[in-house]
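Dock chain B against the given chain A, drawing on the hints supplied.
Number of protein chains: 2
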Amino acid sequence: MEIKPIAHIRTDFPEKFGVPRQSGLAGSLKGMIVFEKEYRNPEALRGLEGFSHLWLIWEFSANRATGGQWRATVRPPRLGGNAHMGVFATRSPFRPNPLGLSCVKLESIELESPHGPVIHVTGADLMDNTPIYDIKPYIKYADSHPDALCGYVEGLQEERLRVILPAGLSEKIGDESKISSLVEILQLDPRPSYHNDSDREYGLSFSGYNIRFRVNGNTLEVIGIS
Amino acid sequence: MEIKPIAHIRTDFPEKFGVPRQSGLAGSLKGMIVFEKEYRNPEALRGLEGFSHLWLIWEFSANRATGGQWRATVRPPRLGGNAHMGVFATRSPFRPNPLGLSCVKLESIELESPHGPVIHVTGADLMDNTPIYDIKPYIKYADSHPDALCGYVEGLQEERLRVILPAGLSEKIGDESKISSLVEILQLDPRPSYHNDSDREYGLSFSGYNIRFRVNGNTLEVIGIS
Chain A
1 MEIKPIAHIR
11 TDFPEKFGVP
21 RQSGLAGSLK
31 GMIVFEKEYR
41 NPEALRGLEG
51 FSHLWLIWEF
61 SANRATGGQW
71 RATVRPPRLG
81 GNAHMGVFAT
91 RSPFRPNPLG
101 LSCVKLESIE
111 LESPHGPVIH
121 VTGADLMDNT
131 PIYDIKPYIK
141 YADSHPDALC
151 GYVEGLQEER
161 LRVILPAGLS
171 EKIGDESKIS
181 SLVEILQLDP
191 RPSYHNDSDR
201 EYGLSFSGYN
211 IRFRVNGNTL
221 EVIGIS
Chain B
227 MEIKPIAHIR
237 TDFPEKFGVP
247 RQSGLAGSLK
257 GMIVFEKEYR
267 NPEALRGLEG
277 FSHLWLIWEF
287 SANRATGGQW
297 RATVRPPRLG
307 GNAHMGVFAT
317 RSPFRPNPLG
327 LSCVKLESIE
337 LESPHGPVIH
347 VTGADLMDNT
357 PIYDIKPYIK
367 YADSHPDALC
377 GYVEGLQEER
387 LRVILPAGLS
397 EKIGDESKIS
407 SLVEILQLDP
417 RPSYHNDSDR
427 EYGLSFSGYN
437 IRFRVNGNTL
447 EVIGIS
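Sequence lines, in order, name chains A and B. For the record, in the first sequence the residue sitting at position 95 is 95 according to the working numbering, with numbers rising by one throughout. For the record, in the second sequence the residue sitting at position 200 is 426 according to the working numbering, with numbers rising by one throughout.
For reference, chain A alone in the conformation it holds in the complex (with noise of 0.2 angstroms):
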């Protein structure tokens, strides 16, 4: 099935390291949804206002590289790297079909942007510019399973960084939304945990700015930004 985008998300990531592993885990980020021009209908959208969370079925875009080749078996990050996976157990981008499912918190709509109606969206675990492909409303009844059982997931989204950041960040960034979103986007460590080097340095980019960060047992430490 030809399946096409109907629209784009805008969000502070242009590069894959540093998007939280599932939405809602850093609950502070912006994502801006704008529509492909054919489907700029504030119609489209009537009673999309009352619901709390959206659903975005989107593209793992930023895996095309891999020339649609599947394998069966994964190795989650968050499991060190070195436990296998079937992939149809995890959400992982490495899938038959590169679609990615997240929940995300809908904030507002806006029905006349200079781009077409847009939604705001907080806590998406989306590259900027990631194809959306549907938004479907959040319903409850049907969706909402607070007791799941969640195997090998259970208790792993626990661990939080300490995150020390260098003085003057406040006088560089300015906004102060983006430190928080900032801050929260290092506690889930965004490093591959594969590479639990505490000596090597990485880079973060996040809304324009480079980031530069070590982590030590559980802390990381921002070291620059430019």
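Just so you know, the hints here were simulated from the structure itself, not pulled from any lab data. Backbone N, C-alpha and C define an ideal beta-carbon position, used for all residues, glycine too. Fair warning: there could be bad hints in the mix.
Okay, the calculated beta carbon distance ranges per label pair [claimed, not checked]:
id	chain 1	residue 1	chain 2	residue 2	range
1	A	ARG200	B	LYS242	52 to 58 angstroms
2	A	LEU149	B	PRO240	28 to 34 angstroms
3	A	LEU149	B	ARG266	22 to 28 angstroms
4	A	GLN187	B	GLN413	44 to 50 angstroms
5	A	ASN129	B	SER254	40 to 46 angstroms
6	A	ASN129	B	PRO372	31 to 37 angstroms
7	A	PRO42	B	GLY276	39 to 45 angstroms
8	B	PHE243	A	GLY155	42 to 48 angstroms
9	A	ARG214	B	PRO372	50 to 56 angstroms
10	B	GLU380	A	GLU107	17 to 23 angstroms
11	A	ASN82	B	ARG266	46 to 52 angstroms
12	B	SER254	A	GLU107	36 to 42 angstroms
Chain B in isolation, oriented as in the chain A frame:
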């Protein structure tokens, strides 16, 4: 983007009429996911057994006849069929990309069936032979939002019909679990809401049976099974 089915689901619904309008509404309904030959690899399911719920991304294959047209608004049957809602504020099949999203309960995984590995699920709102494009584990911390606000959908799922079964039904169908599922489906009122004609007789195909029924007020009476 071109996507291709990884599997098909086998359910008791040869036709669209009677299929529950959301996943989980008829929790006893059984489904079996059978992979396409290329994906019949038990390794691809490793670790899935620890999850209680799965996401299915599938195609509204019964609606292909619409020729890919999209309309900005649809009339959700549960609103009586008269109110127009934006297509992205609904889970309607008539959307730009005919992708469906359903959460189902994982009952068991059979790694070596005559059809390769199969997944047994319950609660699916899918027609028999629906193509599946992706299977993902339900991850509670990202997917479950018990406090989500659901706009015009709030409260709509509460009403269930009283169902009167004819004498001799058990003898005819035999399988008690099929009867329970049938009752669940009928309680949900399978009629399109804009045909609230109490004299009309409806026919529903379920698990090889043709069920004829009438609805009067809050009571659905099964008047024949063949």
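*If you check each hint against the structure, which ones fail?*
As far as the earlier hints go, 9 and 11 are violated by this structure, in ascending order.
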